[in-house]
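Chemist: Fit chain B to the supplied structure of chain A, relying on the hints for placement.
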Amino acid sequence: MPQLHVDNVTLSFGGLNALSTVSLTVPEGEVVSIIGPNGAGKTSLLNCISGFYHPTRGRITFGEHDLSKAAPNVVTRYGIARAFQNLELFRGMTVVENLLLARHTHLNYNLLDSILYYGKASRVEAENRHYVEQIIDFMELEEYRHHHVGTLAYGVQKRVEVARALTLQPKLLLLDEPMAGMNVEEKEDMVRFILDIQRERGVTVVLIEHDLGVVMDISDRVYVLDFGQLIAGGTPEDVSADPRVIEAYTGVAEHEPLPQASPSPAQAVAR
Amino acid sequence: MPASRFTQTGNYRVRYQQDQTIFATYAEQLSLVVLLLALLLLPLLISKTLLRDVNMIMIYAVAVIGLNVTTGYTGLINIGQAAFMAVGAYATALAATKLNLPFFLAIPLGGLAGAVVGTFVGLPSLRLKYLYLAVATLAFQIIFEWTVGHSPLLAQGGAIILPPVEVFGIKATFLNHNKVWYYIILPVLVVMGLLWRNILRSKHGRSFIAVRDNDRAAAAMGINPGVTKLTAFLVGSFFAGIAGGLFAYFQKAVVIEDYGLHTSVQLLAMAIVGGLGSVPGSFLGPLFIVALDRGMGGLSNFMSERQIFPPGVDAATALRPLAFGLSIMLFLIYEPRGLANWWRLSRMYFKKWPYKF
Numbered sequence: 003m004p005q006l007h008v009d010n011v012t013l014s015f016g017g018l019n020a021l022s023t024v025s026l027t028v029p030e031g032e033v034v035s036i037i038g039p040n041g042a043g044k045t046s047l048l049n050c051i052s053g054f055y056h057p058t059r060g061r062i063t064f065g066e067h068d069l070s071k072a073a074p075n076v077v078t079r080y081g082i083a084r085a086f087q088n089l090e091l092f093r094g095m096t097v098v099e100n101l102l103l104a105r106h107t108h109l110n111y112n113l114l115d116s117i118l119y120y121g122k123a124s125r126v127e128a129e130n131r132h133y134v135e136q137i138i139d140f141m142e143l144e145e146y147r148h149h150h151v152g153t154l155a156y157g158v159q160k161r162v163e164v165a166r167a168l169t170l171q172p173k174l175l176l177l178d179e180p181m182a183g184m185n186v187e188e189k190e191d192m193v194r195f196i197l198d199i200q201r202e203r204g205v206t207v208v209l210i211e212h213d214l215g216v217v218m219d220i221s222d223r224v225y226v227l228d229f230g231q232l233i234a235g236g237t238p239e240d241v242s243a244d245p246r247v248i249e250a251y252t253g254v255a256e257h258e259p260l261p262q263a264s265p266s267p268a269q270a271v272a273r
Numbered sequence: 002m003p004a005s006r007f008t009q010t011g012n013y014r015v016r017y018q019q020d021q022t023i024f025a026t027y028a029e030q031l032s033l034v035v036l037l038l039a040l041l042l043l044p045l046l047i048s049k050t051l052l053r054d055v056n057m058i059m060i061y062a063v064a065v066i067g068l069n070v071t072t073g074y075t076g077l078i079n080i081g082q083a084a085f086m087a088v089g090a091y092a093t094a095l096a097a098t099k100l101n102l103p104f105f106l107a108i109p110l111g112g113l114a115g116a117v118v119g120t121f122v123g124l125p126s127l128r129l130k131y132l133y134l135a136v137a138t139l140a141f142q143i144i145f146e147w148t149v150g151h152s153p154l155l156a157q158g159g160a161i162i163l164p165p166v167e168v169f170g171i172k173a174t175f176l177n178h179n180k181v182w183y184y185i186i187l188p189v190l191v192v193m194g195l196l197w198r199n200i201l202r203s204k205h206g207r208s209f210i211a212v213r214d215n216d217r218a219a220a221a222m223g224i225n226p227g228v229t230k231l232t233a234f235l236v237g238s239f240f241a242g243i244a245g246g247l248f249a250y251f252q253k254a255v256v257i258e259d260y261g262l263h264t265s266v267q268l269l270a271m272a273i274v275g276g277l278g279s280v281p282g283s284f285l286g287p288l289f290i291v292a293l294d295r296g297m298g299g300l301s302n303f304m305s306e307r308q309i310f311p312p313g314v315d316a317a318t319a320l321r322p323l324a325f326g327l328s329i330m331l332f333l334i335y336e337p338r339g340l341a342n343w344w345r346l347s348r349m350y351f352k353k354w355p356y357k358f
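Sequence lines, in order, name chains A and B.
Number 229 in the working numbering belongs to position 227 of the first sequence; there are no gaps in the numbering.
Number 220 in the working numbering belongs to position 219 of the second sequence; there are no gaps in the numbering.
Think of the hints as simulated: they come from the structure by calculation, not from any bench.
If a hint is listed, it holds; no wrong ones were tucked in.
Some, not all, of what chain B presents toward chain A, calculated at C-beta under 7 Å:
| hint | residue |
| --- | --- |
| 1 | Q18 |
| 2 | L196 |
| 3 | K204 |
| 4 | H205 |
For every residue, glycine included, the Cβ atom is placed at its ideal position computed from N, Cα and C.
Same shape as in the complex, but just chain A (with noise of 0.2 Å):
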């Protein structure tokens, strides 16, 4: 069973740990949400488990696969996908270029193929874009084909974005702030997709997501990270009753008092 399990992982840049022994385990077939304030470790976390960083301490597997050590390139090949926060596309080319190119560790031919084309790579590479459009119609992208991507609206490169890891036909997709400066259709657009994905194509999915709103109807499973450290865990339900999770949160424990006297002027001034 591919699962996901990240194990005591600690991260650090000289002397600050962007992760400390941070442990979670995502089921398959779930969609696991990983939430928490700005500089959390999210995207760290995200970043360890797709091989842009390594652990400094700690593991993280994937099924009988450790990724502790794996190159992205790697990593993909095992089956994890991923979205980036701030859009990773390639600009310069069209939509369907975009996810011809994702599917490349599936396209079984050599530079010899390629230089003579006609034979194996042109079939093999008309198969692939078969694959490719059945993506595009999944993510509803048609009239976008043969768009440039540069060119597109923002909320329509991110689910090109999303498309695009897609096509690498992963067992588990990690989304980091799909979401992010969408109104609420494109939302509302955006996580029917996600439901779909794990539905219809059975991907595990694990998601960066701001509005608590979408994690918390969405998620099987909610982590949540606060200064490196995972200070909850598990269904929506508990995680929002949570204590830690609202003063990480509010910045204020809910069984203290809140103030009542009103600031003096000059106390107001200071903030």
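Modeler: Quick look at chain B alone, frame taken from chain A:
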């Protein structure tokens, strides 16, 4: 039923393989045939000196395609392309003189030698990027020139004379040298151009562009950036090696001065003027630079006839680098996408003509 296969308008592709075509409409295929026929008849129409220039342009075009592979498509700045050419030229010369191989084996051997050396020189690209890599390739250029200058096997950079060739019973002599080589270089250029176009529409071509545009995302797509960069050097220097082999035979001898830093810079200029990362640019760039060079020669002759300068002053020596540098600067400022962009725009226009879309 398509309205007319001569235009793109009203034609629908119903299979994905149809979308892979390079020349889609009859109009494009016809223009290709006409162009090739015109090129086949060209030597009968133009003078011997002009034919020599055309040969030079075609050889440079092969090298510039190779430079476009590394610099244009993969984004690895390469200031050592002339040295890779030289590797091919010397390998060809040694194969022809020491092993007595015929030219049709010696030149591909030169290409392979170029590819092997190029891949090795490409190793720093695994760690270095941008200008730092440019310096590494520049270093190879300098080291190679020095090495040739100190090795007795390679005549210490002096001339290694190549034997004249014989094709289909026709022996290349002093009189028909340019014509014979025209008919050898042209098919080689066409085949090499097609090979590159094929790579470009396959996964390898896409991975080159991906590594150039965003190597982080390329890695996330499962593309190994290191292997891709080395493949780019392999392909690019193979083209350079072939060009070097052709150049060696065409010049009848290998001399290190032909493959100096100046040539490397000139090749880079051709790639920039033609348009980095474009196929037509690889042909238009060499055409422009060589034509500019000859044009300056003509201008200088004209000026000395009119006695604008005192007799004995050769204005061409000053005009050539001036025009060369100026044209690169103007292209970088006003048309960074090079001549290929003009080509693309005019093609777009005629593709749809007479319709608007």
